[in-house]
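Enquirer: Using the sequences plus the hints, can you model the full thing?
Going by this note's numbering, the first residue of the sequence shown is number 256, and it counts up by one from there.
It is possible that some hints are incorrect.
In silico lysine to any residue, SDA-like type, Cα no more than 25 Å apart, as pairs [to be verified]:
1) Lys-351 x Gly-273
2) Lys-369 x Glu-289
3) Lys-369 x Gln-274
4) Lys-370 x Glu-289
5) Lys-370 x Tyr-275
6) Lys-370 x Ile-272
7) Lys-370 x Gln-274
8) Lys-351 x Gly-263
Computed spacing ranges between beta-carbons, pair by pair [stated by the list, open to error]:
9) Asp-358 x Ile-290: 18 to 28 Å
10) Lys-351 x Trp-379: 16 to 26 Å
11) Pro-288 x Lys-369: 33 to 43 Å
12) Lys-351 x Arg-383: 12 to 22 Å
13) Ser-368 x Ile-290: 18 to 28 Å
14) Asp-358 x Ala-285: 20 to 30 Å
I should point out that these hints are in silico values taken from the structure, not numbers from a laboratory.
We put the CB at the ideal spot given by N, CA and C, even for glycine.
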Amino acid sequence: MRIGFDAGPVFSSFSGIGQYVRSLFSAMMAAAPEIEWVGFVPPGCPDVPPSLMPHPLVSYRSKGLTLQLRGLTGIRNSLDIYHGTNFKAPNFGQSKSVLTIHDLWLTRNPQYSKKFFGQGVSSWRLGRRAARMSKVI
Numbered sequence: 256m257r258i259g260f261d262a263g264p265v266f267s268s269f270s271g272i273g274q275y276v277r278s279l280f281s282a283m284m285a286a287a288p289e290i291e292w293v294g295f296v297p298p299g300c301p302d303v304p305p306s307l308m309p310h311p312l313v314s315y316r317s318k319g320l321t322l323q324l325r326g327l328t329g330i331r332n333s334l335d336i337y338h339g340t341n342f343k344a345p346n347f348g349q350s351k352s353v354l355t356i357h358d359l360w361l362t363r364n365p366q367y368s369k370k371f372f373g374q375g376v377s378s379w380r381l382g383r384r385a386a387r388m389s390k391v392i
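Expert: The structure is reproduced here in C-alpha cells:
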C-alpha cells in the first residue's frame, strides 16, 4: 500500500500542528512498517531530518511549480490514500483522501479568533470541504 501525506506541518512548528503531524505519522509508521509513505512538502523546505520521521519506506516530494503546472493528479493516481493535515486535502485525482483536523477549538469558540473576519470564513470553508467528502467522522 502507498500512502501520501501532507508533510508541510512537520517544518512549520515544534508545537501545535507540527507536533501533532510528527506524532501522528511516527505512530502510524511504527504500527504499519510495510506501508510505503510519500510526504509532500512545500517548495524550498529543507531536507527532513531523519530524527523527525525515521522510517525506511518514506520518500519526500516537493509540491513545487512543476507539480502545480501539471497538477498532483499523476502522483495521486499512484497513491492508494492521501492523508491531508491542517485543513488541506486536494479533491482531485483518483486516490481516496482522509482529512484530519487536530484542533477545532476556534471553530467552537469563534469569539477568541484574531482573524479580521473572525473564524466564520475558516469554519465555512471547512464545512464546505467536509460536505464534498463521501463520509465524515
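Enquirer: Does 16 to 26 Å hold as the CB distance between Lys-351 and Trp-379, or does it fail?
Expert: holds (24 Å)
Enquirer: Using the C-beta atoms of Pro-288 and Lys-369, is the stated range 33 to 43 Å upheld?
Expert: Check passed, 41 Å falls within 33 to 43 Å.
Enquirer: CB of Asp-358 to CB of Ala-285, is that within 20 to 30 Å?
Expert: For Asp-358 and Ala-285 the Cβ distance comes to about 23 Å; the hint holds.
Enquirer: Is it true that the CA of Lys-369 sits at most 25 Å from the CA of Gln-274?
Expert: holds (22 Å)
Enquirer: Check whether the Cα positions of Lys-351 and Gly-263 lie no farther apart than 25 Å.
Expert: Cα-Cα ~20 Å, so holds.
Enquirer: Lying within 18 to 28 Å: is that true of the beta-carbon distance Asp-358 to Ile-290?
Expert: Cβ of Asp-358 to Cβ of Ile-290: about 26 Å, so the range 18 to 28 Å holds.
Enquirer: So if I understand the rule, the pair passes when the alpha-carbon distance is 25 Å or less; does Lys-370 with Glu-289 pass?
Expert: violated (42 Å)
Enquirer: Please work out if Lys-370 and Tyr-275 have their alpha carbons no farther apart than 25 Å.
Expert: Between Lys-370 and Tyr-275 the Cα gap is close to 23 Å, so the pair holds against 25 Å.
Enquirer: Holds or violated: Lys-370 and Ile-272, Cα atoms, limit 25 Å.
Expert: holds (18 Å)
Enquirer: Does Gln-274 sit within 25 Å of Lys-370, going by the straight-line distance between their CA atoms?
Expert: holds (23 Å)
Enquirer: Would you mind confirming whether the straight-line C-alpha gap from Lys-351 to Gly-273 stays at or under 25 Å?
Expert: At roughly 23 Å apart (the allowed maximum being 25 Å), Gly-273 and Lys-351 satisfy the hint.
Enquirer: Kindly confirm whether 12 to 22 Å is satisfied by the beta carbon distance between Lys-351 and Arg-383.
Expert: With a Cβ separation near 19 Å, Lys-351 and Arg-383 satisfy 12 to 22 Å, so the hint holds.
Going down the numbered hints, you'll see the structure goes against 2, 4 and 13, while the others check out.
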